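Asks: The primary structure of each chain is shown beneath.
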Amino acid sequence: MIPVLLIVVPLLSGLAAFFIKQEKAVKSWALFSTVITLVVSLLGLTVLNKAANLHADAEWLTALGSRFTVGMDGMGQVLCLLTAVAFPLILVATWNSSYKNAHNFYAFMLLSQTGLMGVFLAYDALLFYFFWELALIPAYFLCSQWGGEKRIAVTFKFFIYTFIGSLLMLVGIIYLYLHTPDQSFALESFYKATLTNKEQGWIFWLFFIAFAIKMPVFPFHTWQPDTYEQSPTAVTMVLSGVMVKMGLFGVIRWLVPVLPLATWLNGDTVALLSVIGMIYASLIAMQQDDLKRLIAYSSIAHMGLMCMAIFVTSPQGMQGVMIQMFNHGINIIGMWIVVELIERQMKTRKMSELGGLAQQAPGLAILLVIVALANVALPLTNAFIGEFLLFTGVFNSSVSKMGPVFAACGGITIILSAVYTLNMIQKVFFGNTNTLTGTMKDIRFNERLVLGVLVIVILVIGVYPRPFLELTQGTVDTILSRMIIKHPS
Amino acid sequence: MNAIVISAIWGVVMMFSGIFSKNNAVIRGTALTGLALLIVVNVMEMGGTSLFKVNVHGMLYFDSFSLLFNTIAFGSTFLYTLLSGRDMDRVGRSTPDYFALIFFILCGVAISSSFNSLLMLFLGIEIMSIPLYILTGTDKRNLKSNEAALKYFLMGSFSTGIMLMGITLLYGAKGSFNLEAIALGTGELTPMVSAGLLLLLVAMGFKVSAAPFHFWTPDVYDGAPTVFTSFMATVIKSAGFIAFLRLFDDAFGEMHAQWQLVVAVVTAATLIIGNITAVFQQSVKRMLAYSSIAQAGFMLFALVALNELSRQGLIFYTAAYSVATIGIFAVLIKMKDYTFEGFNGLAKRQPVLAATAAIFLLSLAGIPGTAGFMAKFYMLAGAVANGHVLWLVIVGILCAAISIYYYFRVIQAMYFKEGDAQEMEVSGTFKALLVLLAAIVVVLGIFPQCLLDKLYYFF
Amino acid sequence: MALGSALMVIISRNPVHSVLWLIVTFFAISGHYIMMNAQFLGIVNLIVYAGAIMVLFLFVIMLMNLNAETEPKKNKWLKMAGIIAGGCLLLVLVAALKDAEVKSSTVQLVDGEIGLIKQLGHVLFTEYVVPFEVSSVLFLSAMVGTVVIGKKGD
Amino acid sequence: MIGFLINGLLRKQLSKSLTSILGSGVILGSFVVSLLIFFQVKQGHTAVVNLFDFISVGKLSIPFSFQVDQLSSIFLLIITGVGFLIHVYSAAYMHEEEGQHYARYFAYLNLFVFSMLLLVLGSNYVIMFIGWEGVGLCSYLLIGYWFKNIDYTNAAKKAFVMNRIGDLGFLLAIFWIIGKFGTVSYGNLFEQVAANAKTLEGSAAIVGITLLLFIGATGKSAQIPLYTWLPDAMAGPTPVSALIHAATMVTAGIYMIARSNILYTLAPFTNTIVAIIGLATALFAATIAIKQNDIKKVLAYSTVSQLGYMFLGLGVGAYTGAVFHVMTHAFFKALLFLGAGSVIHAMHHEQDIRRMGGLKKYLPITHLTFLLGCIAIAGIPPFSGFFSKDEILAAAYAANPVYWVIGVITAGMTAFYMFRLYATTFLGQFRGAEHLHGHHPHESPAAMTIPLIVLAILSVIGGWVGIPEVLMKDAHSLEHFLDPIFAASSKFAHPHHLSHSTEYGLMGASVLLAVILIFFAIGRYSKRPELGEPTGFGKVLANKWYVDELYNAIIVKPLNWIGKFLNNFVERDVIDWTVNGVGKVISYSSRQVRLLQSGQVGSYVLLMVLGILAFFVIQFFVKK
Amino acid sequence: MNIEYYIVLSIALFCIGIAGVLTRRNAIIIFMCIELMLNAVNLLLVAFSKMHHLKGVAANPNAGIDGQLFVFFIMVVAAAEVSVGLAIIVMMYRNVHSVDVNFLNRLKH
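Residue numbers (this note's numbering), protein chains in the order written: chain A, 85 to 573; chain B, 115 to 573; chain C, 99 to 252; chain D, 54 to 677; chain E, 13 to 121.
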């Protein structure tokens, strides 16, 4: 019931949005729709939180053994909530931007929300794949049509990159499907698929590359900074706040429990890649002058950590990933909002051209500093909870012998992230104003509202994360039990 | 059988329609009636009602597979006529004759989808080919069209020679032209059968433009009047595939393992050459020609895999591919400039045209939610299920990714680039039809079952 | 003899000579038919091919005034490649078929009734009636096609 | 206690005086509460208050809970007491700031106190870590308080990053503890450790954990190699320097190690390291302090040096001594900083001592209190510094006489540079006239001097809570008070007892050295202060052994270089090139393959025939 | 007579036809070569037909007759092809006054 609504509401309103030609009207319509989605999602979390409400099943491609099965467990709840929260926030934050052909813009936004919801809700591999691509296509159109100068080439790269990945995944899905006992795409059947070790091995990589490109994990990341840089900020928020979570989600739901043996065998390799990626991205982030690129690289580093934590198979790490997926989404959206605000007024994102904004816009500065601190995982912000659990998990991995090494190397990024984040704050907000930044005005009410909400979320989760942890505990247990049963060693 | 007889008769009717009416609209109407009639009788036959009791002496064999395909082919032609029929008038004055030829071709299509004897295959293929040579050359003043016709003709008859040699060798080995008789015997591939098989493979590969026998395709598609290119690239090609599959499945299915490698090589070559060459094209029409080679590569997966999934898949693929290609060609015909630049900024001038074209292209590229995806899905699933050709699957995937490049170039031109695309006048009906076609593409993409179930429900 | 004249077909520079050589080839082939007691085919071959078709060819060539040795030198290496490819194909085919399953079967010469017009006609109009009708469609289309192509004035 | 935070953040819009009153008021309130707690604890009541489960995952459960015991109550008193005085002082010192920034200042200060309290009150390592990072953050905010100045914000950044390096060690230690013991609560953890002491002693895990914790401590408490942030941190307002860099934050490392004393007791190797690092830092910082000319820098290096002392104490197992020194150091270093602040205030933000001199007559109260502070830090009996320092030195001697020798030399140097500072600033001729445009420096307002006086009194008498056994029996009340905390570890320690005569000898030697150097310094610098640029070895010292430059050269620059290399080369030329290269290869091959399509029927057929040939070859000859 | 003789003969004719297609430029001659290929096929078919007749005549007096009928159909198709082909060639000639296939290179790449 709830899942179906979560998918159908944005889908229908998105299609309808194509026909609302007035900019104001379509904006309001989109906001209205996303708020409804949010309400539905919250209802699912609170009042209607019963198994019967959270799952739905219908006939689809019967002959192929694929059904329209959607449902939400703890992880699904968290990510749907993130999607549901993110979109209204994004819309409000970018309320003052105006777009050519606004109806198309908002329609595509809503469609991508549909895709994202679908991905997080699907319990059927083929359905999952459908939504996976459905989320991608609107994003492609959004970036290519409303992006920066080099948008066409850059988004094209992004598109082809992810498309190759997802095709590889498709092969993996098909292979698994053919090896299920009942020829079905259902997740449960995938668990039962009989595969030899070798088969598991290469299917693992088929899946992993798809997810790795999405996350992105080094060395599959080069699309990301360019795309983030060139996309309109609202889309960047969707991409980085929600869409990259698809990769992690995919790994957790479709890769790790389905191919436990391969996960176990390749875990260290993946973790190593992640660690390299984390340090690599952090070092590069230190060199960036463009705010968007900086945040993009920082995001790569953070995603690397989460990816690593999944593959070391530990309850803390897994739990950390769950909560951090949400946190990272919230935090990075906050960062983008700030960038958007600055760019809209200053027409530049170059840190070297900015400076002294704290004098001109103290409100913005304070909110940014809190968000930025959350980005470096300072205690009592939400990201601390996540990163603490992640690192604990990695350090104390029961599977990987290299846990402490990984944790220590990954820990270096804690320092590096402090370096580049503080650098950014310093260059943008501190120092004296120049002729450009002297004209900056402080933020408006709607922006203050959005950032305020984000900050409250950041702090509340940072201080009292228990509800979240309890929500995802069940999922974590299930996944870990799947991961561990098959290789008792 | 219904379809064969009716289409032949209607061909004659069309031939004479030109005498009774000079009005092209009337002629088109007659043709559409004929097509509708064809669809109806074919569906009737699917339901078990045969209008003509003819003893075919085992020459033809109608099963759900061939009948379903016939329906698809007739349906596609119907849509094609609706969308592009009007544009035939611009090619030349003999519209009734064109329609007559098209009906004869449909007769050939029906034969080659249901042959059970190499003789009928040969005749069917020839009935399809000979009118096509003509249609290619209908734009008589246009040297390109002339050239295409001559090339097509020379190479086509060359491949006919090859095919006949193949048939002969098979006959020499087995003493019969009947598919069942050929399939009889051991699973061993004797030298003569093998040589015959290879020659047939070459000839059929030529018809479906598989590499390295594809060279005629770009030139002919490019040179032929666009209206007929559209027809050629869809119905004829699909029919070629159905015949191909039928031949190899029924006659050589037993020894599949022994010729799989060769077909796999052909498939890979087709995919790679088609996709890679398409990347560099400057003309959308030519790009579509190469892309049709690439699509042929995907359809060849059915032959490589040769299992139930891929058989279903091929049917579905032909439908998905035909509908999308007819759509995109219908849009292309309306353009004044066939280069990519010619599409710049189309979205602003003609949003409906651009949007539907985008959907067709997405379908060709195999994006989920469109028919093209399900088609590719079936093909890949079939190949994976086969288990021996995973390397081919990977090649296929990489090529699919390449194909994104050139399909999306059109989308980019339409949506993201500035420019004023010159197009001809488009009527409201035309737009409505395009939307209908796009809707078909999407519905097939989300509920492929509604087509494939027909394979089972009627029998 | 058939081989020799066939070679001459592709060697001779003058198209008219080629046609003549081809006719010689056809005669040789017809000879084989008759040797195998396929009289009907032998005759048809002579009438249809050597007679009608070749005359048509000649006619067209004359029409185009191509009787002179107009064909310019073709690219040498392409020619070589063509010959080599053809030769290779011959070799490969022969090699492939040298241990064919029909090896050392004999071909019945002179006697045997099936090549006679009576038997052929009978079978043609019973078992093969469908293909026969279908081939009429082929002719129809060829006819329409030729008309379409040949029609002047547009 | 949480109330501090809320108070601190909500006062943005209030008026200046209200802000200061509120800001100081809450600290006063908490001081009173701390006193109450202290007395309760003194009667033997310790308590653990569970607020809620902070993080609970699987078997790991981390409650958000507080623990009040002897150790934390001592620190509570120091923090709130000194904190309160500094708040009062700040109210006057910062009066020139605009309202909004003034409020911001107090908000940060309160946040700082809150974090510090969290640090000492937390009942497990995670809560401690929260406070730990919290104070790091506040120090970042306060150092960079004047954010318009890029140098200041650089210093702030440096402080934060250096702290983070330490924090990483701390974090890893926490992870290790979680992995090894499954809990981070002090109670459970120490019980487990004590119960398994035999197996754990000297084991890799315990050594690793303690080393990592120590890395954390070096970051926060400014030890080698992570000390360079502290002197730079002097960029912040002076009261901040007093609060953070003297009284409270930097002692967090001491608190942590004292808190985990049992772990350290079981890891002798780590103890040695701690002692050596502490000693080295003490000596090293002292040498640098000798040649500094910035009044706050001198104090800063002296802080580093004193902290080194404390670590020496910890390293040799004199936990009480270390805590004792924390306390006395808090008094006299806060006093010195505030005094310096008063001087700076009077000199209109001039910090170079070469432009001062003869301030004695203009700033009598400041002069007097400053002098008391100097004496205290120099370790002259009966001022507080003597007792605490002596306790550490005695323990050091017991552990290894070499420690003692270096310790005493350092103590002497301390006395020397402090009095060099004192003499140059307050004695001799006034040299700063041109800077003040003819105005004379004037004494600070009461709100600033009263805290000075209170601290001066404390620095004098503060040491009397820990008079050593030899001088007065049972007078070391601090030791008795702290006994429960260190009881467990003393079971496993191997104390060396010194004879009374040795102890007297040691005391005498150090005091004598200090006194001689004091007089030398006063004599030398009151007459002829060093005004020129130092040369030779002095230059090396004045430039802090070029450590900053060294760090710059071996860490910052290579990192930057690697970053640039990765950005410009690996990212662009390797990975992106590969990715784009694939595209290029495809379009190139497209151009080549396209040429096959020559338009010539002949070549098409030729290629077809070749294809046929190839297939025949594959079919007939390859497969068999 | 041995069947191999006919096989080799036909294949040789066939290959000569192919070689002709490959080497000549005159569209008409190419076409003639294709006809030659068809004749090679016809010859082989008849030979096979007689061979099968010999093998199966005992069971079925009409055994092998299908081969000869096929030849008949080939001739039918060839005739149709010739008419269409020559029409196209003539059309071509009318436009460019040449039947040289090498001039056919407007369409390439």
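No wet-lab data here; the hints were simulated from the structure. In this text, all values refer to a predicted model and were calculated from it rather than measured experimentally. Do not rely on the hints blindly, as some may be mistaken.
[Said to hold, decoys possible] Below, in silico cross-link-like pairs of lysine-lysine (DSBU-like), each with a Cα-Cα straight-line distance of 30 Å or less: (1) B/399 to B/462; (2) B/531 to A/234; (3) C/216 to B/167; (4) B/531 to A/241; (5) E/67 to C/249; (6) E/120 to C/174; (7) A/434 to B/531; (8) C/177 to B/258; (9) B/258 to C/216; (10) D/637 to A/525; (11) A/134 to A/276; (12) A/485 to D/233; (13) A/434 to D/233; (14) C/196 to E/67; (15) D/95 to D/544; (16) A/134 to D/112; (17) D/201 to A/434; (18) B/450 to A/184; (19) E/67 to C/216; (20) A/434 to A/105; (21) B/450 to B/462; (22) A/431 to D/617; (23) D/610 to A/434; (24) D/95 to D/112.
Asks: Against each hint, give a clear statement of whether it holds in the structure.
Replies: These are the hints, each one checked on the structure:
1. Distance check on the hinted pair: residue 399 of chain B and residue 462 of chain B sit about 22 Å apart at the alpha-carbon level, within 30 Å; holds.
2. With a C-alpha separation of about 12 Å, the suggested pair residue 531 of chain B and residue 234 of chain A falls inside the 30 Å cut-off, and the hint holds.
3. Among the hinted pairs, residue 216 of chain C with residue 167 of chain B is consistent with the structure: their alpha-carbon atoms are about 27 Å apart, no more than 30 Å.
4. Of the supplied pair hints, the one linking residue 531 of chain B and residue 241 of chain A holds, its CA atoms being roughly 17 Å apart against a limit of 30 Å.
5. A threshold of 30 Å between alpha carbons decides the hint, and for residue 67 of chain E with residue 249 of chain C the separation of about 51 Å lies outside it, so the pair is violated.
6. At roughly 22 Å between alpha-carbon atoms, residue 120 of chain E and residue 174 of chain C fall within 30 Å of each other, so this suggested pair holds.
7. Taking the CA atoms of residue 434 of chain A and residue 531 of chain B, the gap is about 27 Å. The hint holds against a cut of 30 Å.
8. Taking the CA atoms of residue 177 of chain C and residue 258 of chain B, the gap is near 26 Å; set against the 30 Å cutoff, the hint holds.
9. Using a Cα cut-off of 30 Å, the hinted pair residue 258 of chain B and residue 216 of chain C is violated, with the two alpha carbons roughly 49 Å apart.
10. Restraint check: the Cα-Cα separation between residue 637 of chain D and residue 525 of chain A comes to about 46 Å, which exceeds 30 Å; the hinted pair is violated.
11. For the hint pairing residue 134 of chain A with residue 276 of chain A, the CA-to-CA distance comes to about 27 Å; that is within 30 Å, so the pair holds.
12. A distance of roughly 15 Å separates the Cα atoms of residue 485 of chain A and residue 233 of chain D; the hinted pair therefore holds under the 30 Å criterion.
13. For the suggested pair residue 434 of chain A and residue 233 of chain D, the alpha carbons sit about 47 Å apart, so the restraint of at most 30 Å is broken.
14. Restraint check for residue 196 of chain C and residue 67 of chain E: the C-alpha separation of about 20 Å stays at or below 30 Å, so the hint holds.
15. This hinted pair checks out: residue 95 of chain D and residue 544 of chain D have alpha carbons roughly 22 Å apart, not beyond 30 Å.
16. Taking the CA atoms of residue 134 of chain A and residue 112 of chain D, the gap is near 27 Å; set against the 30 Å cutoff, the hint holds.
17. The suggested pairing of residue 201 of chain D with residue 434 of chain A holds, with an alpha-carbon distance near 19 Å, which does not exceed 30 Å.
18. With a C-alpha separation of about 27 Å, the suggested pairing of residue 450 of chain B with residue 184 of chain A holds against the 30 Å cut-off.
19. The hinted pair formed by residue 67 of chain E and residue 216 of chain C meets the criterion: a straight-line CA distance of about 21 Å does not exceed 30 Å.
20. Proposed proximity of residue 434 of chain A and residue 105 of chain A is contradicted: the alpha carbons are some 35 Å apart, above 30 Å.
21. At roughly 16 Å between alpha-carbon atoms, residue 450 of chain B and residue 462 of chain B fall within 30 Å of each other, so this suggested pair holds.
22. At roughly 26 Å between alpha-carbon atoms, residue 431 of chain A and residue 617 of chain D fall within 30 Å of each other, so this suggested pair holds.
23. A hinted pair counts as satisfied when its Cα atoms are at most 30 Å apart, and residue 610 of chain D with residue 434 of chain A qualifies at roughly 22 Å.
24. With a CA separation close to 35 Å, the supplied pair residue 95 of chain D and residue 112 of chain D exceeds the 30 Å bound.
Against the hints set out earlier in the document, violations occur for numbers 5, 9, 10, 13, 20, 24.
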